[in-house]
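Line by line, the protein sequences are chains W and G. Heads up: the first sequence at position 69 corresponds to 69 in my numbering, and the numbers run straight through without jumps. Heads up: the second sequence at position 382 corresponds to 565 in my numbering, and the numbers run straight through without jumps.
Keep in mind that the hints were calculated from the coordinates and are not lab data. Please note that a few of the clues may not be correct.
Said to hold, decoys possible - Result set (EDC-like, lysine to aspartate or glutamate): computed pairs, CA atoms no more than 16 angstroms apart in a straight line:
id : chain 1 : residue 1 : chain 2 : residue 2
1  : W       : 63        : G       : 546
2  : G       : 471       : G       : 487
3  : G       : 471       : G       : 443
4  : W       : 63        : G       : 542
5  : G       : 470       : G       : 443
6  : G       : 464       : W       : 62
7  : W       : 56        : W       : 85
8  : W       : 56        : G       : 463
To be verified - Anything over 12 angstroms on all C-beta distances counts as not near chain G; from chain W, calculated:
id : residue
9  : 19
10 : 20
11 : 43
12 : 62
13 : 76
14 : 85
15 : 88
16 : 91
17 : 101
18 : 109
19 : 130
20 : 147
21 : 154
22 : 161
23 : 162
24 : 169
Keep in mind the model is a prediction, meaning the values are calculated, not measured. Using N, Cα and C, we set each Cβ at its ideal position, and we do this for glycine too.
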Amino acid sequence: MIEVRLHGRGGQGGVTSAELIAISAINQGKYAQAFPSFGPERRGAPVMAFVRISDKRIRTREKVYNPDIVVVLDPSLPTIVNVTDGLKEDGWVILNSAKDEKTLREILGGFKGKLAVVDATKIAIEELGLPITNTTMLGAFLKATGLVDQKYLEEALEHRFGRLADKNKAAMARAIKETKIYA
Amino acid sequence: MGKRIAKEVSIAIADAVKLAKAEVIAAYPITPQTHIVEHLSELVANGELDAEYITVESEHSAMSAAIGAVATGARTFTSTAAQGLALMHEMLFIASAMRLPVVMVVANRALSAPISIWNDHSDIMANRDIGWIQVWAENGQEAVDLTIQAFRIAEDKNVMFPIIVNIDGFVLSHVIEPIILPDQEEVDAFLPAFKPKYKLDPRKPITMGPVGVPEIYFEAKKAQDEAFRNTPKVIKRVWKDWAKRFGREYNAVETYRMEDAEVALLIMGSLAETAMTAVDKMRDEGKKVGLVRIRLWRPFPVQEFRRAVSKVPVLAVIDRAMPPGAVNGPVATEVKAALYNAGRKPRVVNFIAGLGGRDVTVEDFEEMAERAAFYRKKRPKELYETIGVRES
Numbered sequence: 001m002i003e004v005r006l007h008g009r010g011g012q013g014g015v016t017s018a019e020l021i022a023i024s025a026i027n028q029g030k031y032a033q034a035f036p037s038f039g040p041e042r043r044g045a046p047v048m049a050f051v052r053i054s055d056k057r058i059r060t061r062e063k064v065y066n067p068d069i070v071v072v073l074d075p076s077l078p079t080i081v082n083v084t085d086g087l088k089e090d091g092w093v094i095l096n097s098a099k100d101e102k103t104l105r106e107i108l109g110g111f112k113g114k115l116a117v118v119d120a121t122k123i124a125i126e127e128l129g130l131p132i133t134n135t136t137m138l139g140a141f142l143k144a145t146g147l148v149d150q151k152y153l154e155e156a157l158e159h160r161f162g163r164l165a166d167k168n169k170a171a172m173a174r175a176i177k178e179t180k181i182y183a
Numbered sequence: 184m185g186k187r188i189a190k191e192v193s194i195a196i197a198d199a200v201k202l203a204k205a206e207v208i209a210a211y212p213i214t215p216q217t218h219i220v221e222h223l224s225e226l227v228a229n230g231e232l233d234a235e236y237i238t239v240e241s242e243h244s245a246m247s248a249a250i251g252a253v254a255t256g257a258r259t260f261t262s263t264a265a266q267g268l269a270l271m272h273e274m275l276f277i278a279s280a281m282r283l284p285v286v287m288v289v290a291n292r293a294l295s296a297p298i299s300i301w302n303d304h305s306d307i308m309a310n311r312d313i314g315w316i317q318v319w320a321e322n323g324q325e326a327v328d329l330t331i332q333a334f335r336i337a338e339d340k341n342v343m344f345p346i347i348v349n350i351d352g353f354v355l356s357h358v359i360e361p362i363i364l365p366d367q368e369e370v371d372a373f374l375p376a377f378k379p380k381y382k383l384d385p386r387k388p389i390t391m392g393p394v395g396v397p398e399i400y401f402e403a404k405k406a407q408d409e410a411f412r413n414t415p416k417v418i419k420r421v422w423k424d425w426a427k428r429f430g431r432e433y434n435a436v437e438t439y440r441m442e443d444a445e446v447a448l449l450i451m452g453s454l455a456e457t458a459m460t461a462v463d464k465m466r467d468e469g470k471k472v473g474l475v476r477i478r479l480w481r482p483f484p485v486q487e488f489r490r491a492v493s494k495v496p497v498l499a500v501i502d503r504a505m506p507p508g509a510v511n512g513p514v515a516t517e518v519k520a521a522l523y524n525a526g527r528k529p530r531v532v533n534f535i536a537g538l539g540g541r542d543v544t545v546e547d548f549e550e551m552a553e554r555a556a557f558y559r560k561k562r563p564k565e566l567y568e569t570i571g572v573r574e575s
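Please work from the sequences and hints to get the whole structure.
Encoded structure:
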């Protein structure tokens, strides 16, 4: 079973990212679970969402404490939230940032593990006209982990966004190309 | 056969209500029930569900409107949580005593104060004696299945009681997971139209709910309870038919890995799935731990329950509501009453866990099983113990 924790700010669509990953995995025939950090939605406040993906039925309903993958949607979060908290030793950190690898590893407290970085805010503004990075970060997630097929994510985007799906698909595709892997 | 899809459990429940072709929905939105009624109002507004959606100014009115609607012979649904259920309280007794089969999903949430929108069972535990059939769902599939079944059970001429399907707020209501929604034809074949023997109809006026003077009130209540205690016959028949049609089994008491168990956990609701994970882990380590869940909480299935726990030496009952001033939590109190005169019975230890959204982890369930095992040789405390509370 793979466990994912997404960090974002209220309104950035972190919960939607989690949902789209789970929907894609389920449509691909796997078992998956997506849920938000339960609470009132507050625009701008740090929020989390969780995903579990497995080949077998998932029964546990506890929160994700030891993620295999951490995805951070907002570039300002790693300095104020300990995003690597509980991360498994061989786990991934996938960041939205324009900063270089060395700076980011320092911000993450000397993080030595697998790192994937994309300037998702820039891509989102150029492709969607909005700094909403949730669908862009799906591209980075896909590039780093390969956990779901692009085809299923695209289907999920079409289903969720309708006429806005193409722009989101373009943002995701660009992120797949532009994500830098430091592993 | 329905298709396996990814859906938020709340949305799937609304879709189940649509498949059941509810005719009246009277509801007031409250977290964490909101997505259920929001989606239903969408379905009605879009013309996908041919129903009257009554927006009301409170849950008291929601239940009042539901009672009126079902009395006219309309298939009726509502949903609420926590303070909303508390506000309905007065009307809940009216629905059951007047034998009006309203179907309600409760997205279980803590009662204030302190204000909490998060999951526990204090809302429904304050409503144990309302005379409604009460069942528990552990996952999204069960929430869908039980919601559809609820209409057939409640409206059966040998039942005619309202029913609550309990789903844990957030922990279940807000999760996306794989769910099979039955096809419309399958539901139509399973669920006959609601045809009550008596209904409010201006062309054929009758009186419903007249005064019960001292000469008749007691008899009326006795008759009500006898009829209520008879409902499991129909409930079991409906579950059997469901298993035949859809391949998914439901039982009044469910057990998991109880063979040769030396300690059993007992919990109701979706955290039973986390408990299963803990049981699997402990079994892998050679520990003889099992799990019991009461699916049918009202009427309480005494015989099935006694059978399920007759061989286990210690039973750890997990309550998710505080019992102010009582010896034990409501589930343990019930369980002890059911066992007191039984021949073979386990020792019962009561844990209170997961109040107001406090997570109950696999590790917590392991700890409860370990602590319970200790009582094989020692008499348990009469008072409950807590799990996951900071003491300092």
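Query raised in the report: CA of residue 464 (chain G) to CA of residue 62 (chain W), is that 16 angstroms or under?
Result: holds (15 angstroms)
**Report entry** Check on residue 147 (chain W) being off the interface with chain G, judged by Cβ distance over 12 angstroms
**Finding:** holds (15 angstroms)
**Report entry** Proposed proximity, residue 443 (chain G) with residue 471 (chain G) (alpha carbon, max 16 angstroms)
**Finding:** Measuring from Cα to Cα gives roughly 7 angstroms; hence the hint holds.
Report task. Take a quick look at residue 88 (chain W) and tell me if its Cβ sits farther than 12 angstroms from every Cβ on chain G, holds or violated. Result -> At roughly 16 angstroms from the nearest Cβ of chain G, residue 88 (chain W) sits farther out than 12 angstroms, so the non-interface label holds.
Query - Agreement of residue 470 (chain G) and residue 443 (chain G) with the hint, judged by alpha carbon distance not exceeding 16 angstroms - result: holds (10 angstroms)
Query raised in the report: Is it the case that residue 20 (chain W) keeps its Cβ farther than 12 angstroms from each residue Cβ in chain G?
Result: violated (9 angstroms)
Query raised in the report: Was residue 85 (chain W) rightly flagged as not at the interface, with every chain G Cβ beyond 12 angstroms?
Result: holds (15 angstroms)
Report task. Compare the distance between the alpha carbons of residue 63 (chain W) and residue 546 (chain G) with 16 angstroms, and conclude whether the hinted pair is satisfied. Result -> Roughly 12 angstroms separates the two Cα atoms, so the pair holds.
Query - Hinted pair residue 63 (chain W) and residue 542 (chain G), Cα distance within 16 angstroms - result: holds (7 angstroms)
Query raised in the report: For residue 43 (chain W), which was marked as not at the interface, is the minimum beta-carbon distance to chain G over 12 angstroms?
Result: Its Cβ never comes within 12 angstroms of chain G, the nearest being 17 angstroms, so this holds.
Query raised in the report: Is the straight-line distance between the alpha-carbon of residue 56 (chain W) and that of residue 463 (chain G) 16 angstroms or less?
Result: Holds, at roughly 14 angstroms.
Report task. Please work out if residue 56 (chain W) and residue 85 (chain W) have their alpha carbons no farther apart than 16 angstroms. Result -> Not OK: residue 56 (chain W) and residue 85 (chain W) at ~26 angstroms, beyond 16 angstroms, violated.
In summary, the numbered hints that this structure violates are 2, 7, 9, 10 and 12.
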